[in-house]
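Q: Given next are the chains, with one letter for each unit.
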Amino acid sequence: MIAPSFYLLLASVLFAIGAIGVLVRRNAIVVFMCIELMLNAANLVFVTFARQRADVSGHVYVMLVMAVAAAEVAVGLAIIVALFRERRTVNVDELRELRG
Amino acid sequence: MSVNELLPLLPAGVLVVFGLLLLLYEVFSNQSEQRRYSAHLAVLGFAIALTVVAFQLRDPTASLFLGPGGLASLVVDAFARVAFILLMVAGLVACLLSPGYAKNAGHSLGEYYGLLMFSVAGMMIMVSAADLATFFVGLETMSVAVYALTALRRRDVRSTEAALKYFLMGAFATAFFLFGLALVFGTVGSLHLTHLAEAMSTGTTLLREPLLHVGLLLILVGFAFKVAAFPFHMWAPDAYEGAPTPVTGFMAVAVKTAAFVSLLRLIVVGFDGAMSSQTGGASWTVLLEALSISTILVGNALALTQRSIKRMLAYSSVAHSGYVFIGLTAVAEGEASAGAGILFYLAAYTAMTLGAFGVLAYLERREGGSEAERFGAYAGIGFRHPAASALMALFVVSLAGLPPTGGFFGKLFVFSAALRAGHTGLVLIGVLGSVIGVYYYLRVIVAFYMRDVPEPGPTPSATPSAELGFGLLIAAILVVVLGVVPGPLIELGRAAIASLG
Numbered sequence: 001m002i003a004p005s006f007y008l009l010l011a012s013v014l015f016a017i018g019a020i021g022v023l024v025r026r027n028a029i030v031v032f033m034c035i036e037l038m039l040n041a042a043n044l045v046f047v048t049f050a051r052q053r054a055d056v057s058g059h060v061y062v063m064l065v066m067a068v069a070a071a072e073v074a075v076g077l078a079i080i081v082a083l084f085r086e087r088r089t090v091n092v093d094e095l096r097e098l099r100g
Numbered sequence: 001m002s003v004n005e006l007l008p009l010l011p012a013g014v015l016v017v018f019g020l021l022l023l024l025y026e027v028f029s030n031q032s033e034q035r036r037y038s039a040h041l042a043v044l045g046f047a048i049a050l051t052v053v054a055f056q057l058r059d060p061t062a063s064l065f066l067g068p069g070g071l072a073s074l075v076v077d078a079f080a081r082v083a084f085i086l087l088m089v090a091g092l093v094a095c096l097l098s099p100g101y102a103k104n105a106g107h108s109l110g111e112y113y114g115l116l117m118f119s120v121a122g123m124m125i126m127v128s129a130a131d132l133a134t135f136f137v138g139l140e141t142m143s144v145a146v147y148a149l150t151a152l153r154r155r156d157v158r159s160t161e162a163a164l165k166y167f168l169m170g171a172f173a174t175a176f177f178l179f180g181l182a183l184v185f186g187t188v189g190s191l192h193l194t195h196l197a198e199a200m201s202t203g204t205t206l207l208r209e210p211l212l213h214v215g216l217l218l219i220l221v222g223f224a225f226k227v228a229a230f231p232f233h234m235w236a237p238d239a240y241e242g243a244p245t246p247v248t249g250f251m252a253v254a255v256k257t258a259a260f261v262s263l264l265r266l267i268v269v270g271f272d273g274a275m276s277s278q279t280g281g282a283s284w285t286v287l288l289e290a291l292s293i294s295t296i297l298v299g300n301a302l303a304l305t306q307r308s309i310k311r312m313l314a315y316s317s318v319a320h321s322g323y324v325f326i327g328l329t330a331v332a333e334g335e336a337s338a339g340a341g342i343l344f345y346l347a348a349y350t351a352m353t354l355g356a357f358g359v360l361a362y363l364e365r366r367e368g369g370s371e372a373e374r375f376g377a378y379a380g381i382g383f384r385h386p387a388a389s390a391l392m393a394l395f396v397v398s399l400a401g402l403p404p405t406g407g408f409f410g411k412l413f414v415f416s417a418a419l420r421a422g423h424t425g426l427v428l429i430g431v432l433g434s435v436i437g438v439y440y441y442l443r444v445i446v447a448f449y450m451r452d453v454p455e456p457g458p459t460p461s462a463t464p465s466a467e468l469g470f471g472l473l474i475a476a477i478l479v480v481v482l483g484v485v486p487g488p489l490i491e492l493g494r495a496a497i498a499s500l501g
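Chains as they are written, first to last, in my numbering: chain A, 1 to 100; chain B, 1 to 501.
Isolated chain B, as found in the complex:
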């Protein structure tokens, strides 16, 4: 194997090198004045890696690390490259949101950006893995880095408590996932997606093997934990509330995107696309349906009752997982266009959710304790911070799925693909959930603009930061562009799904 063959992995390599550089930079710069630039170094790393992917986007599919039978462990195809772009944009915006927040919260840490880059590199392994063992290594690289990111404010009990809950639940999920892998290995004889597909499509004797189904079920449970689907969502609100706000945004979008994209690959490649009833697939679609219905209903119902904006956004992100599961149900029945819809949805979700958490990071006044995050604490913010509030309004409108924003087209593509696959009931539940969503998202706008300002109005301690403004601007532009010209991205998504073969 020559070095040239590794070029498709260059973006991940760039991230790892910059992550290591950041760790060294942290060690050798002991003045906090110098440390200020670690965010810029991280952004530079993401920008270089994104440029590399942009140049490689039209390259043919690359198979790396051939194992027994000439099967590759990593497959960098158009699908993986589109996912790379999504994940790295999420990482880049999260890096831009962080310095301003860190300044307000009174800490600045270089290893933060290093961990962020390592976790994105792990996600890139996840989305390109063609072998469940390789996938597992990527999953853990991502998870361990994100656990550490959550715990970053060591002196804050809320941050460490969130990290402990996230860590214990995440490790618990890992154990389920791993036991599932072991059972699949035992029944199929390999963890490669190609072998799994063979077993699923032709091996009727294998399909009657209960251990295989138990194994796949446990793997699905592992995924459901990572995307916070009901009933495995309990950790999400606590972890999201306690983590530093830019990290919350990153966790909510990047971890979820990586998990959903790799689940998409598992369903399309590993389950061989159509899970028809002859191959025992019917039970699987029913399961995905149940997951999506319960996740939408529970996520939206609990989001309604929250008094803190951050927790409301956490539960709403649970609901968004449910909408993506509608698309996955359609994909499982062979409706390939749903795959492109899911990629589009995840892109829009990335932009709007990161943006919303970014505005919160800007406005957050930690010193005021947890009360500062209540809806009431934001009364009159719309007039004191007009620019940030206008952006927040844009992001929540997009999250609610109203036109002309990316969130609207994301839902439109996913729901219409599900309709083509004949899931009218599922789409009705999705639309119902979105309607509930409009109510609690608009509460944010009401809190920002239409509440009486308490006398005397609390003085905003938020200091503007150029990086944060730039990050919010990128997110806002993405939300609007996806809502006005969705064509190019959906075309890219179709090409990506086609490359899965």
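Here chain A stands alone, though its shape is the one from the complex:
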């Protein structure tokens, strides 16, 4: 069996890749995918600890997170589509209507 610390390491790396992606990528959809990557990194941590502790509630939390993330995707993609219809772009750098 692979030691739990490797899973945690993998999850941290995934989380970091996601976080960096959010900060450097400019396409709203790619940014959104990076956020999903971060959520799944959290899921991996939940599953790892659930297995290590033989505690099924960790698996249940993963289901919870997936359901919530699905709801978030529905609203998020709708917002991106609405924006694309008005602006013909999903590049976050080109969104400059709101400036102080």
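Where hints are given, some of them may not hold.
[Stated by the list, open to error] Partial pick of chain B residues on the chain A-facing surface, computed with a CB cut under 7 Å:
hint, residue
1, Leu164
2, Phe167
3, Phe179
No wet-lab data here; the hints were simulated from the structure.
Think of the CB as a built atom: it goes at the ideal place given N, C-alpha and C, for glycine as much as any other residue.
Got chain A; can you put chain B on it based on the hints?
A: Just chain B, lined up with the frame of chain A:
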């Protein structure tokens, strides 16, 4: 479990039922004449739910949905009920402010009120959750509904842009929060606040576990995003400026109140009240202190430089988060009276901020483009709309923290509790911030009353609406009542904090 046991959650149930009714009403009434009444239906729902809470206010603490070890996922205690009242009053006033604004902006939407009620129901889950997993579900119910509310003016690029920025930042924060939850679950073995408290107070071996601290830090980052604390405030001005004005008011008060109240529960119950230095708590108070100092300074400094009233109010609400963090620092050191002060502050903040955004919603002339929101565009408004301007003056005086208003006593209670906890430096920063605040808040009054009217004066296209007037009246009465007789509410706040045990 019998149905009777669910009665403490009845207020949230009423909101969800009315939200669903509103969605159906929208589908089956295709004439816009009929749709006019959706706001009234929403207000009726909030009024019924508020009545139910008022009757249940003295009920004993109810524990619902028992999990392993007999620990409840939801705890509806006096603390949660006081928060219910705050959140529902915010929802009710936001509903009253909306129809007039919608008429001026040329749209009317029934699902707006449905989403508003769902988000308040989510906030009610947040403030009564005794388990971080349950809290997460409430948080997301609230957030997803508010993202959709921000995007409501689909044809307006500013509204959708604000929604996208808010959504991406909010989801980013959610990811941090969730990773924090996973780490806490791994180290403590549970997400229940009682277990967290045990780990924090007795488990010295656990406290040396770096993963627990990283997890708690990430959870705090999630909260800081939601209340727009520095350095996680970047989304707030854009989201506040682009969203429909009544939604901005609702976002600024209700989302913040829900997040602060649940953070208060997390600190009092989860961190076991006193975070003394023996249990590694010192680093946590230092962190809260740093958050409050930087948030006050940055919020106020940026509010000074704004040329649009809406953005100025957005940055000032960042500064107000900083003042609440002063109270939270005191709470973290075991000064329970700061908790009551925070509840009072949030009540006053709710009334005055919603009122200020309500007046803006009344005066806003969208057709004029973003220029209409500049300070200069409001020249002479004080004489053309005397009633609305007088109310605006009242709200900004309260926001500035001058007596005799609710805002003054809110600051007084929070700062005096912090002084008792020995945070003189923090209170000095808070007072300094308030002084800066007086300058930019009074600029609003100057713009309204003391600027020369440009010739020819712009014709106000705002049409008065009875609902909006009523909503502003409620906010104004609350601001004045809290400023003249603060006693009853602060007593209620003390009882609420005591119920946390």
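Q: Against each hint, give a clear statement of whether it holds in the structure.
A: How the hints compare with the structure:
1. Leu164: Hint holds; Leu164 of chain B Cβ to chain A Cβ min 5 Å, cut 7 Å.
2. Phe167: At about 5 Å, which falls below the 7 Å cut-off, the nearest Cβ of chain A leaves the hint on Phe167 of chain B intact, so it holds.
3. Phe179: holds, 4 Å
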